[in-house]
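A.B. asks: Sequence:
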Amino acid sequence: MKGHSGTEARFALLGPVSADGCDGPIVLGSPKQRTVLAALLLNVNRTVSDDRLIALVWGEQPPRTAISRLQVCVHELRALLGKERVRRLGAGYRLRVEEGELDLELFERHRTAARAHAEAGRHAEAVPLLRAAAALWRGPALAGTSATLIGVLVDRPCPAALRHALKGRDVSIEASYRLPELAALTELAVLERRRGEDEAAARRATQALRLCREIGHASCEERLAPFLQA
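In UniProt numbering, the protein residues as written are 1 to 230.
Please note that the accuracy of each hint is not assured.
List of simulated lysine to any residue pairs, SDA-like, C-alpha gap at most 20 Å [what the hints assert, rightly or not]:
1) Lys-83 - Gly-21
2) Lys-32 - Gly-15
3) Lys-32 - Ser-18
4) Lys-83 - Trp-58
5) Lys-83 - Gly-29
6) Lys-83 - Ala-143
7) Lys-83 - Val-48
8) Lys-83 - Thr-65
9) Lys-32 - Glu-98
10) Lys-32 - Glu-105
11) Lys-32 - Glu-8
12) Lys-32 - Trp-58
13) Lys-32 - Arg-85
14) Lys-83 - Arg-64
15) Lys-32 - Thr-47
16) Lys-83 - Thr-148
17) Lys-32 - Thr-148
18) Lys-32 - Cys-22
19) Lys-83 - Arg-69
20) Lys-32 - Ala-79
21) Lys-32 - Asn-43
22) Lys-83 - Val-72
23) Lys-32 - Ile-67
24) Lys-83 - Leu-70
25) Lys-83 - Gly-15
26) Lys-83 - Ile-26
27) Lys-83 - Gly-24
28) Lys-32 - Leu-70
29) Lys-32 - Cys-73
30) Lys-32 - Asp-20
31) Lys-83 - Asp-20
Cβ pair distances, simulated, as ranges [claimed, not checked]:
32) Glu-99 - Asp-23: 15 to 25 Å
33) Arg-115 - Ser-68: 14 to 24 Å
34) Gln-71 - Arg-122: 21 to 31 Å
35) Leu-89 - Gly-59: 43 to 53 Å
36) Arg-138 - Val-44: 17 to 27 Å
37) Asp-51 - Pro-140: 20 to 30 Å
38) Glu-108 - Val-27: 53 to 63 Å
39) His-75 - Ala-113: 16 to 26 Å
40) Glu-119 - Gln-61: 22 to 32 Å
Simulated from the structure, these hints should not be mistaken for laboratory data.
The beta-carbon is built from N, C-alpha and C at its ideal position, and this holds for glycine as well.
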């Protein structure tokens, strides 16, 4: 697998697990390699033990060769991401991620800032932040990793947005705000991104239209029209 030069990177968990370097997308390998990367990303800048990584990749009955296979996965990740990124510390590994490089961190940042604006009545400032947060979702979280990793995280402490996604819930950022204008506009942003993906979009459009009418937001109604056509 071809590595990428440079120190800047982007890592994604809110959808298929992926990484990008200065030269573009980094081609990741097997689901096991993606699972190791995801486990390290969920513990950014913290050491994850060999035993923990093996349990997340292979479950309760790992093969006898698990430790050597883990070492191969990490060796490949170091070749792709750079030795300075993935380091051996004690009996585990640590992935160094800088501020702003992980989509989950950006999502939480946008959501927290939007909440602060909304609670202060600054709705116009909150809406673009909610849109930016919604745009970070590219599909089911942690796609391409092992079922073991996903199963462990569903009922364990982890960012609420990720936990909800792992339980199969829709990306409904607006639910936390309970403000009609924010709910309608954010729902519309999600719908526009998901148009044509599934039949649930029509149901969500109907709900969003009801919110738009409650707040008298004409531009919302106009933009919802394509979703409600037979």
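A.B. asks: Need the status of pair Lys-83, Gly-29: alpha-carbon distance at most 20 Å?
C.D. replies: Holds, because 17 Å separates the two Cα atoms, which is no more than 20 Å.
A.B. asks: Taking the Cβ atom of Glu-108 and the Cβ atom of Val-27, is their distance within the range 53 to 63 Å?
C.D. replies: Since the Cβ atoms of Glu-108 and Val-27 sit about 28 Å apart, the hinted range of 53 to 63 Å is violated.
A.B. asks: Quick one, are Lys-32 and Ala-79 close enough, alpha carbons at most 20 Å?
C.D. replies: 16 Å, holds
A.B. asks: Verify the proposed pairing of Lys-83 with Arg-64, using a straight-line Cα cut of 20 Å.
C.D. replies: 27 Å, violated
A.B. asks: Look at the Cβ atoms of Glu-119 and Gln-61 and judge whether their distance stays inside 22 to 32 Å.
C.D. replies: 48 Å, violated
A.B. asks: Would the pair Lys-83 and Trp-58 pass a check requiring their Cα atoms to be no farther apart than 20 Å?
C.D. replies: 25 Å, violated
A.B. asks: Would you check the hint for Lys-32 and Gly-15, treating anything up to 20 Å between C-alpha atoms as holding?
C.D. replies: Roughly 16 Å between the alpha carbons, so the hint for Lys-32 and Gly-15 holds.
A.B. asks: Against the 20 Å threshold, does the CA-CA distance of Lys-32 and Thr-47 hold or violate the hint?
C.D. replies: 18 Å, holds
A.B. asks: Has the given pair, Lys-83 with Leu-70, been kept, meaning a C-alpha gap of at most 20 Å?
C.D. replies: Cα-Cα ~16 Å, so holds.
A.B. asks: Please verify whether Lys-32 and Thr-148 have alpha carbons no more than 20 Å apart.
C.D. replies: 11 Å, holds
A.B. asks: Next pair to validate is Lys-32 with Ser-18; report whether the Cα-Cα distance is within 20 Å.
C.D. replies: This hinted pair holds, its Cα atoms lying about 13 Å apart.
A.B. asks: Using the Cβ atoms, figure out if Asp-51 sits within 20 to 30 Å of Pro-140.
C.D. replies: Since the Cβ atoms of Asp-51 and Pro-140 sit about 27 Å apart, the hinted range of 20 to 30 Å holds.
Violation of the numbered hints given earlier is confined to hints 4, 6, 8, 9, 10, 11, 14, 16, 18, 25, 33, 34, 35, 38, 39, 40; the remaining hints are satisfied by the structure.
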